[in-house]
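Engineer: Listed below, chain by chain, are the residues.
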Amino acid sequence: MNAEKILIIDDESSIRRILRLGLESQGFEIAEAASGPEGLKKAKTFKPRIVVLDLGLPGMTGAEVLKELRDWSSVPVIVLTVTDDEAVKVDLLNAGADDYVTKPFGMAELLARISVALRHSALEEANPKFTSGELEIDLTKRIVMLRGKPVKFTATEFSFLKLLVKHAGRVVTQEHLLNEIWGPNAKENTHYLRIYAAQLRKKIEANPASPEHLLTEPGVGYRLV
Amino acid sequence: MSDAERPDPDALLKAVTEGEQKAAHGKLRIFLGMSAGVGKTYAMLSAAQDRLRENCDVVIGVVETHGRTETEFLTQGLPLIPRKRLDYRGTALAEMDLDAVLDRKPQLVLVDELAHTNVPGSRHRKRYQDVLELIDNGIDVYTTLNVQHLESRKELVEKMAGITVRETVPDSILDRADQVSLVDLTAADLLKRLQEGKVYLGDKAERATEHFFRRDTLTALREIALRITAERVDHELQSATIAGIAPLHGGERLMVAVSHSPFSAHLIRATRRLAFGLEAPWIAVNVDTGVDLNDEDQAQLNRNITLALELGAEVINTADPDIPAALRRIARQRGVTQVIVGRPSRRFIRDVIEGGSLLDRLVRENWDIDVHVIRQDEEPPHGMRRLGLNFRSGLTAYWNTIWALVVLLIIGNSLEPFLGYRAVGFVLLLGVLVIGVVGTLGPVLFAATLTALAWNYFFIPPKFTFLVSKPEDGMMLIMYFIVAAITGGLTNRIKRRENMIREREQSTNLLYEVLQDISASREKDDFLRKVTSRVGEVLNGDCSVLIKTKDNELKWATKYHSPLMNEKDTAVAQWVFDNKKPAGWSTETLAESRGLFLPMVGNNETVGVFVYHPETKRKLSQDQLTLLYSVARRLALSLERHFLDKRVRDAERLEESEKIHQTLLNSISHELRTPLSAIIGSASALTSDLTTGPKKALADELLQATDRLNRIIENLLDMSRLSAGAMTLKREWNDLNDLIGVTLKRVGTNLRGHNIILGIPEKMPLVEVDFRFFEHALTNILINASTYTPVGSTIWISAKPTDSRITLSIEDNGPGIPEEHLESLFNKFFRVPGSPAGGTGLGLSIVRSIVELHGGTVRAENRRGGGARFVIELPSGTPPRYPEEPSEEESREA
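Quick note, the sequences are listed as chains A and B, same order. Our numbering numbers the first residue of the first sequence as 2 and each following residue consecutively. Our numbering numbers the first residue of the second sequence as 5 and each following residue consecutively.
Just so you know, not all the hints are guaranteed correct.
[To be verified] Computed Cβ-Cβ distance ranges for the label pairs, DEER-style:
(1) A/Glu135 with B/Glu662: 48 to 58 angstroms
(2) A/Ser14 with B/Ile716: 22 to 32 angstroms
(3) B/Thr732 with A/Arg18: 57 to 67 angstroms
(4) B/Gln133 with A/Asn180: 31 to 41 angstroms
(5) A/Arg18 with B/Arg809: 49 to 59 angstroms
(6) B/Glu557 with A/Asp86: 19 to 29 angstroms
(7) B/Gln133 with A/Glu65: 30 to 40 angstroms
(8) B/Leu230 with A/Glu65: 53 to 63 angstroms
In short, the hints are calculated from the structure, not lab data. The beta-carbon is built from N, C-alpha and C at its ideal position, and this holds for glycine as well.
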């Protein structure tokens, strides 16, 4: 079997070792880089399907590596970060990162992100169908089914859901949602999102108070899983 | 023409070219008013009628008479260019027909309401653009404008009157205007017109509010309008003077000369009345001729100058022995149009010497300034004092003169046998000249008279009589008196001038040295010490400085301070500081104080008080007072700059320390979380590989411990941010359900053994909180509940909105909190004694800090049925506008 290649760029050898162990056990082929320049070189020679990039690299920072990488490659990048600052995360997503994982994180979380990123890079175009648990969404037919029953939506609710399905499994920033649904003048109106997210949860979640599908990424955006 | 009076050639050239450019364009005249209803349109139409009578081709472009008959009457004889009808959303609206006006090419067109916004589809968006096009095409325009429509004043007016101003014009339109006429009405008159229904309130924005037509608002608006006009007039006057044109009518500026006469006060008041009537600025000039004033006169002069200042005059002190020349010079420099003087008193001898009374000389000399003569109600007292005859303080001088005379007589007597009685006259004359050098004019004249009489009595035959036997002796005696009086007087005058120049030089030097002191010293204490000692030396007194501290309290500037100061003086200093007015000795306020207290007022703030304790009781001259004021001002500016520098430096230091703090935080979070990641990564890999058995349990234990460690790290980081004040909230409108959902997911495993019951109402409004910080706060409360209640307990999370607050309660049915600890529960590092191990005592104190940062409160209490309850109250704020949603639901189904 042709194993999927993952490049890990992190200056902490312990993290690299653990990631290698954890990911190799899942059947991935791993390459490591301890610095930004080395990582960029390996990205050219190793041709990974996924890059896991630590933000806090000495010398050339993760953000700089991401920027340079994006000049010539569209390989999915998952950023490892310790920051509490949501603005930094949003900036990273805008700069072309596919997703991020905040340290300390569990292996399961990272694997989930990797599999979402792989799916996306494999499909290229947004998957018009989304299935998760008892929730089924078909964008082309504009059908949403929960436990086999159709659910009705308003136009705005559906636009919201459509954007999330298009990026299923990945975080969609607030800015992106507002811009796509209400236009560039609504960038500050994050409360619109709260209202529609609450309405959507009532329709697609078994228990809206503890959502399973429509998750909030505090200060960053929403994620549909 | 002296150099000072000659206009700068470059400025002259600029004025000329500007004038030429304007001639090619039409002239713009703006009738400016403080609000609707002052009669701008009326004023504009009246002016237009005047032009019409001069056979000017005037047309009406657009005029809103609002059906007022008086106004409509004024439109008679003025041809009206029909307005253009434009369709806008089905309504026909009329706008000025710009093209029709341009085709008609009148000399003058009237365009009302400059700030008007044209109907979409017109050539220009705004009417002022139409007006600009008109004047560019050589057509004169009269237009009207309210101050609130000026771009720069819009915000001020909005804030003041609580209205929204939608239509504005750029301020540059005022610069384009050749003339701005203020249509002024007092607030009271306008309100009266309003009550009588004489004001048309068409504009909705203006009508919408009762705030607008209130006396205070109107008064403020009027002030704005007056100020705009005044600024313009000032500017115009300056350019008029540059171009050598006579000052414009209306640009009046008054000037009054202030002396030490009590009558001066009367003149000052009269000038102020005149200036007020003309709405003109006025100047009070004190000319120091170098004559020494006695204490009483000096005090009167100071009072007069203070009075002028209080009545709003600009006070100018100048030194010149020639009063009319000085007045002429200042009038010329400042563009004065009217001078106010008192009716002269009869002072024959002096007038003959000086070439006429002040009034005569003012009127005679050729200048284009009106001179007002004010009736003098009372005779100025002590007329003799003007001649310098100083009876009170100068008494010693007269005694000295008499002693000198006695000595002269003795010398004369001993010389007479050798020289003859005529030569003795020269000895006496020499004496008079010496007195002229050392004394004032009074003793000189006194000596001249006395020596003449003594010469006659003791020496001129027949001796010991006042008779003169030979006619040539009589001639000689008279000549002697005249020569003695004139040469003595002249000597005295030269000496006076010398003194005056010396004093002035002294002040200039002192000021220069003060500046040197300030610029040479880097430390404020250093220059304050130098300056106070220097000024004290020159003015024969003791100077000290009080400076305000950060808490706005007055403190001695240096360790050294005047032993003369007592508590009472400190109180005076405080008064001076608070009121920004001088007080103490030689002033009108708290005059019994021994020191003179001057406020040190900088450009933006009062920085302290300058104190001068005189060594003698002699009043300071106006020059010396001015000197003290200048020094105080100079020090104030330097101190202000010094404080500002310090503030900037402090801010920089703070920023630096914040940066270090942030770096440290970042590095700690990185250094701690990276190994934590390694642990969690390993442990989670282990748990997923293992299914059961003791190793799986160990791995789970590892995960839970790391989770707790991670939470402690987060709390420590939060605490450190909070105590550094480096926490900036990113408040957004959030869904409380969402917030609680995310929190519960985070706390997850800790609450596995607990029943969670949510009670958030369906219609719960959004709350304005920082999501992440509030999630931390909730997490801490929930962790707290899970730690202190046994497994199987129930935790209720409920919320309810009230009028202005949102109440969030988290309660449990655990053992509750001992009553005596309820208060201290939220203190940093507090832990209830005897509570189970674990916990740092940080969690709840972080909760309180976060909630308080949000402007809310948090409290703990015990439930009646047992268990603890935490109640968070937050201000609900003004909820944001919700998005509009098309009402129909998407109903497409499979």
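Engineer: Evaluate each hint against the coordinates.
Structural biologist: Status of each hint after checking the structure:
Checked against the hint of 48 to 58 angstroms, the pair A/Glu135 and B/Glu662 passes, with Cβ atoms roughly 50 angstroms apart. In this structure, A/Ser14 and B/Ile716 meet the distance hint of 22 to 32 angstroms, their C-beta atoms being roughly 26 angstroms apart. In this structure the hint that B/Thr732 and A/Arg18 lie 57 to 67 angstroms apart at CB is violated, the actual value being about 38 angstroms. For B/Gln133 paired with A/Asn180, a C-beta distance near 35 angstroms keeps the hint of 31 to 41 angstroms intact.
Checked against the given bound of 49 to 59 angstroms, the beta carbons of A/Arg18 and B/Arg809, roughly 53 angstroms apart, stay inside it. Hint check: B/Glu557 to A/Asp86, Cβ distance near 41 angstroms, so the stated range 19 to 29 angstroms is violated. At roughly 50 angstroms, the beta carbons of B/Gln133 and A/Glu65 sit outside the given window of 30 to 40 angstroms. Distance hint check for B/Leu230 and A/Glu65: the Cβ-Cβ separation is about 60 angstroms, which falls inside the suggested range of 53 to 63 angstroms.
The structure is inconsistent with the numbered hints 3, 6 and 7, although it conforms to all the rest.
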